[in-house]
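Number of protein chains: 2
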Amino acid sequence: MELALLYSGGKDSSLAALVLDRFYDVELVTATFGVTDDWEHAARAAGVLGFPFDTHQLDGSVASEAVETMRADGYPRNGIQRVHEHALESVASRNVTAVADGSRRDDRVPSVSRAFAQSLEDRHGVDYLSPLAGFGRSAVDRLVAETLEVETGPSEQISKADYEGELRALLADEYGSAAVREVFPEHKQTYVRGVAE
Amino acid sequence: MELALLYSGGKDSSLAALVLDRFYDVELVTATFGVTDDWEHAARAAGVLGFPFDTHQLDGSVASEAVETMRADGYPRNGIQRVHEHALESVASRNVTAVADGSRRDDRVPSVSRAFAQSLEDRHGVDYLSPLAGFGRSAVDRLVAETLEVETGPSEQISKADYEGELRALLADEYGSAAVREVFPEHKQTYVRGVAE
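The listed protein sequences derive, respectively, from chains F and A. If you want the numbering used here, it's the 1-based position in the first sequence plus 5. If you want the numbering used here, it's the 1-based position in the second sequence plus 5.
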């Protein structure tokens with residue numbers, strides 16, 4: 006059974022891939038608006054983990070909307086949520102049995118409600134899986150420490166391919182770098198460098 | 006890392022075991038009030054799957070409370086929820102890194118809230134995992150069909166070791182078999198017979 010997992014190269018989506026690997030032919034898919042080359046970092050991480058990789062082109066108008074929303078809100082939550090739902094919808098149209106993401110139990114955003122999940126499944130005839138939805142932060146950290154080699158640092162220094170990089174770039178283009186600092190408070194990111202021995 | 010998974014011999018907890026097997030030393034644990042020998046079915050299923058197995062003795066006063074609750078309610082939901090939370094609390098006191106159950110995304114009861122999960126983890130110093138929390142019914146059915154051999158039938162004919170069997174027996178003892186039919190509407194159960202080739 007083919008499964009497309011939305012993949013950033015970070016620890017959560019990498020761990021999700023290892024969980025699903027027993028049951029599915031997992032393809033790691035990085036959704037991109039084509040704004041930056043950040044997807045290359047995800048492609049490299051996918052190669053290290055030994056999974057097939059592809060990019061998936063998203064609709065640029067969704068990025069523009071998301072940037073306007075984030076700028077108006079002064080925080081990224083709603084914009085990122087919108088992009089994640091669009092990415093799931095879009096990837097669900099691939100020829101797969103299931104789509105998945107790396108959402109954890111404690112994630113605030115993006116979050117996929119049970120209603121959205123059911124609707125996505127019904128409309129596209131796919132299963133939607135969030136294999137880490139039943140794992141808290143501490144369990145994920147332990148499993149990552151046991152199974153992956155990761156690098157941690159501030160968002161702007163860690164090469165990763167979530168939507169944030171492209172949305173930051175678009176926001177900077179439109180409104181300047183001060184707007185980016187206003188919308189995105191500094192936080193830690195991780196990037197996967199390899200599999201632990 | 007040692008993990009105790011609450012195990013009934015049914016498809017959900019069996020699939021949960023296969024999901025966790027990559028990351029933990031999984032022990033399948035059937036919680037019992039010592040009322041019936043239903044745990045023997047779970048022990049057999051655990052043997053077929055090739056996992057170590059143990060029973061875990063629950064507090065009989067919780068069973069009595071649950072039976073009174075179900076009888077008063079006229080449905081089993083709150084009684085079963087109470088027993089499941091007690092079972093998780095109790096199993097969390099074993100010498101393990103994590104405890105887990107087979108809850109699915111679409112399960113109504115028992116359900117473990119994020120708040121209960123966090124509290125359980127904090128108080129016992131363990132991780133709580135519900136590895137199927139991000140899997141809907143359709144995905145679970147597909148994965149079970151691919152990985153397990155199961156038997157399906159009405160609750161009272163399928164040999165399984167969830168709390169229901171013991172609570173039914175206690176309810177029948179106290180209030181007669183009519184009370185059992187009143188509290189437990191008929192529904193399908195599954196029991197795992199083996200691993201698919």
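Keep in mind the hints are simulated off the structure, nothing from the lab. Treat each hint with caution, since some may be false.
[Said to hold, decoys possible] Example chain F residues on the side facing chain A (calculated, C-beta under 8 Å, incomplete): (1) Leu23; (2) Val24; (3) Phe28; (4) Asp30; (5) Arg99; (6) Arg113; (7) Pro115; (8) Leu125; (9) Arg128; (10) Ala138; (11) Phe140; (12) Gly141; (13) Ser143; (14) Ala144.
[Said to hold, decoys possible] Selected chain A positions facing chain F (Cβ under 7 Å, derived; list incomplete): (15) Phe28; (16) Gly130; (17) Leu134; (18) Gly139; (19) Ala150; (20) Leu153.
We put the beta carbon where it would ideally sit given N, CA and C, even for glycine.
A quick look at each hint next to the structure:
Because the beta carbon of Leu23(F) sits about 7 Å from the nearest beta carbon in chain A, less than 8 Å, this interface hint is met. The beta carbon of Val24(F) is positioned within 8 Å of a beta carbon in chain A (closest approach about 6 Å), and the interface hint is therefore held. Interface restraint check: Phe28(F) against chain A, minimum CB-CB distance 5 Å, threshold 8 Å, status holds. Checking Asp30(F) against chain A by beta carbon gives a least distance of about 12 Å; that is not within 8 Å, so the hint is violated.
This hint is violated: Arg99(F) has a C-beta 16 Å from the nearest C-beta of chain A, more than the 8 Å allowed. Checking Arg113(F) against chain A: minimum C-beta separation of about 11 Å lies over 8 Å; hint violated. At a threshold of 8 Å, the smallest CB-CB gap from Pro115(F) to chain A is about 13 Å, leaving the interface hint violated. Residue-level restraint check for Leu125(F) is violated (minimum Cβ-Cβ distance to chain A is 10 Å; threshold 8 Å).
Violation of the interface hint for Arg128(F) is found here, the shortest Cβ-Cβ separation to chain A being roughly 13 Å, above the 8 Å cut-off. For Ala138(F), the suggested interface contact is upheld, since its CB lies about 3 Å from the closest CB of chain A, less than 8 Å. This hint holds: Phe140(F) has a C-beta 6 Å from the nearest C-beta of chain A, less than the 8 Å allowed. Against a cut-off of 8 Å between C-beta atoms, the interface hint on Gly141(F) holds, since the closest Cβ of chain A lies about 6 Å away.
For Ser143(F), the interface hint holds, the least distance from its beta-carbon to any beta-carbon of chain A being 5 Å, beneath 8 Å. Hint status for Ala144(F): holds, given a least beta-carbon distance of 4 Å to chain A, under 8 Å. At its closest, the beta carbon of Phe28(A) sits 5 Å from a beta carbon of chain F; the interface hint therefore holds under the 7 Å criterion. For Gly130(A), the interface hint is violated, the least distance from its beta-carbon to any beta-carbon of chain F being 10 Å, above 7 Å.
Proximity of Leu134(A) to chain F holds as hinted, the smallest CB-CB distance being about 6 Å (cut-off 7 Å). This hint holds: Gly139(A) has a C-beta 3 Å from the nearest C-beta of chain F, less than the 7 Å allowed. Against a cut-off of 7 Å between C-beta atoms, the interface hint on Ala150(A) is violated, since the closest Cβ of chain F lies about 10 Å away. Interface hint at Leu153(A): violated, since its Cβ lies 11 Å from the closest Cβ of chain F, which is beyond the 7 Å cut-off.
The structure fails hints 4, 5, 6, 7, 8, 9, 16, 19 and 20 (numbered hints given earlier, in ascending order).
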